[in-house]
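Number of protein chains: 2
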Amino acid sequence: MANGLQTPATDGARRIVISVDAMGGDRGPAAVVAGLAISASTYPDVDFILHGNEAELSRLIARESALQGRVTVRPTERVVSMQDKPSHVMRHGEGTSMWSCIESVKQGEATVAVSCGNTGALMAVAMIRLRRLPGINRPAIASLWPSRNPGGFNVMLDMGADVKAEAEDLVQFAMMGASYARNGLGLTRPRVGLLNVGTEEHKGRAELKEAHELLGPQADAGAFEFIGFVEGSDIPTDRVDVIVTDGFTGNVALKTGEGTAKLISDFLREEFNASIFSRLAALFALGTLKRLQKRMDPRRANGGVFLGLNGTVVKSHGSADATGVAAALRLARQLAAAGFQDRLAARVASALRTGQDAAAETPPSAAEQGPGGDRIQ
Amino acid sequence: MANGLQTPATDGARRIVISVDAMGGDRGPAAVVAGLAISASTYPDVDFILHGNEAELSRLIARESALQGRVTVRPTERVVSMQDKPSHVMRHGEGTSMWSCIESVKQGEATVAVSCGNTGALMAVAMIRLRRLPGINRPAIASLWPSRNPGGFNVMLDMGADVKAEAEDLVQFAMMGASYARNGLGLTRPRVGLLNVGTEEHKGRAELKEAHELLGPQADAGAFEFIGFVEGSDIPTDRVDVIVTDGFTGNVALKTGEGTAKLISDFLREEFNASIFSRLAALFALGTLKRLQKRMDPRRANGGVFLGLNGTVVKSHGSADATGVAAALRLARQLAAAGFQDRLAARVASALRTGQDAAAETPPSAAEQGPGGDRIQ
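First to last, the protein sequences are chains A and B.
Per the UniProt record's numbering, the first sequence runs over residues 1 to 377.
Per the UniProt record's numbering, the second sequence runs over residues 1 to 377.
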């Protein structure tokens, strides 16, 4: 049946296949299958390979009419838990639904892998099976961040693939993040900023000052605009499209933002519940409060993308419900439809050549940049 | 008149003197003097030494009846701007209002210094004039963070005194932050957490794992409870009282939290302005929305405290208005009234002895910990 999934659809367009780990999330396979059903109804051009317990998945799929004929189940017996150490899963993870999910991308039967499981383990399995793109030192996790930009989101990376990053890593993050912003958010020439404790050039850590110097000359090859240092307060604004930082800082910033949003929405709920009068006011303001809730809904931006590997992996939030899973699948489909993986690989290869040429002090001619160059990404 | 400020008041209680830099803030001396007037009305036991342009300050003070007989003006001609580099101010800052403000604490005529000026310059001047407490490697800036704790705030440090911190620095931050939480927030045995990307002990950077090992044994000497690693999402909760991190991460987290709060309050305003109906709903919910706004007001928590120097310095937000300045002065008064500086110095000295004893593998007896020990802080 996997072959059948790869054949052209009746309208002649190539079908998109997404490989999905059904087992690793906090809410179990029911939430994943419900998300699949939403995605299948919305996107008729997508089919799924679903990895996990065969009996349970078949039962869940049978209930969803939208999924009939759209899902291949890959039976696996073992599950990676949220407590498993990445190093352990890397050595002993074969036979888990997560491993099998990545394997489908490695074998070329699916374009993108999606999992709600243990982030560290997923990165470890993706690293060992898909391997890094040639020239990439550290892969990164890129997330969407609600912002004042017209599209409603910025891209930020690394969100926790690794706890540190050297200057060269930050430059690669900028290039990969810009490519993701072009293909995931449709921005032609994304504005890239380096996260620091101030916008003055003398501020910050040594690797940031070095990356600042390297990024200006890279901007043309990477088809982005480098706007220099940005601060934490700039993350949710319209000043910047791609925010580059190390995985430690990115992870702390993300969770701090989430914690702050939760504190404020708790305050909002408490104040509207404080008295009979405020409860009446809440009833009166119900439509407004529901629109606000929708705008603040973290499920809308669900899906961290692993960048820098030979294959695209989308990490959904562990506690994602059907809506959250569907958002991760929408992102996976968008990246597959845009041909993101090939574009990213070409961009990295081109930048690598540019860097080598620069190191040899020979400015590359347009021809030396290879076919495609700026155009295809 | 400075002498007069130090004499006992009629009720026999010693008066508190706060040294205030009138010039460095974004809103100029008018906001500072207005904040002084609020503080003087609220706290009859406080007098002020105010540093800056004599003519301007005298005119502003003359308008405020609450300030009559409560303020000594120290004339200074020069002002540190927000653009001045700390290293430049350190060498050439004498004669500025900021320098003079710190000098009053150094000379013992005021207990705490307060400034709205350039943070880096203020730390540089404080470092060179007040000097570090014996045994302290890196001073830190501690800020209050709105949280679900009964008092409404947590303490977090370092918020940007330095861009990095070694394991030993983090241990000193924990001790100093706990002492601040006892004296500033009235917590007997504060819970201290180390900020990391996960709560499992194997996660994070090397210096964090090392600090984790060092902090457990230090908890008794520091009179705090060590709760291990915490994440960004824990910062605004009631799980922890003191959050310890390096100045780079702390600064990014603070500004990310501020940016997120601003984004949400913008959303709230926009949704309640979206239609005639939602504007009516906002009118109906006005009381509730005003209470919410008050709870989210960042001015309530204004004031970063410099810890680890021979003297206490409170850094107010550069854009603080009268309400913000008054909040910073309230904090300064609270710390002065609690005898915070002497308690902190005794705690650091005691921990230093404990550390030296531990290094010599001689467990200290209660007598060796010196007079006071746990009791006085």
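None of these hints come from the bench; they were simulated from the model.
Worth double-checking, as some hints may not be accurate.
If several chains are the same, the list does not tell them apart, and a pair holds so long as it fits within one copy or across any two.
Claimed, not checked - Mimicking DSS-like on lysine-lysine, the simulated pairs with C-alpha atoms at most 25 Å apart in a straight line are:
no.: 1; residue 1: 85; residue 2: 262
no.: 2; residue 1: 290; residue 2: 262
no.: 3; residue 1: 106; residue 2: 85
no.: 4; residue 1: 203; residue 2: 164
no.: 5; residue 1: 290; residue 2: 106
no.: 6; residue 1: 106; residue 2: 209
no.: 7; residue 1: 294; residue 2: 106
no.: 8; residue 1: 85; residue 2: 203
no.: 9; residue 1: 209; residue 2: 294
no.: 10; residue 1: 209; residue 2: 85
no.: 11; residue 1: 262; residue 2: 106
no.: 12; residue 1: 294; residue 2: 262
no.: 13; residue 1: 209; residue 2: 262
no.: 14; residue 1: 262; residue 2: 164
no.: 15; residue 1: 164; residue 2: 209
no.: 16; residue 1: 106; residue 2: 203
no.: 17; residue 1: 85; residue 2: 290
Every value quoted in this text rests on a predicted model; they were computed, and no experiment measured them.
Indices of hints not satisfied (ascending): 1, 5, 6, 7, 9, 11, 13, 14, 16 and 17
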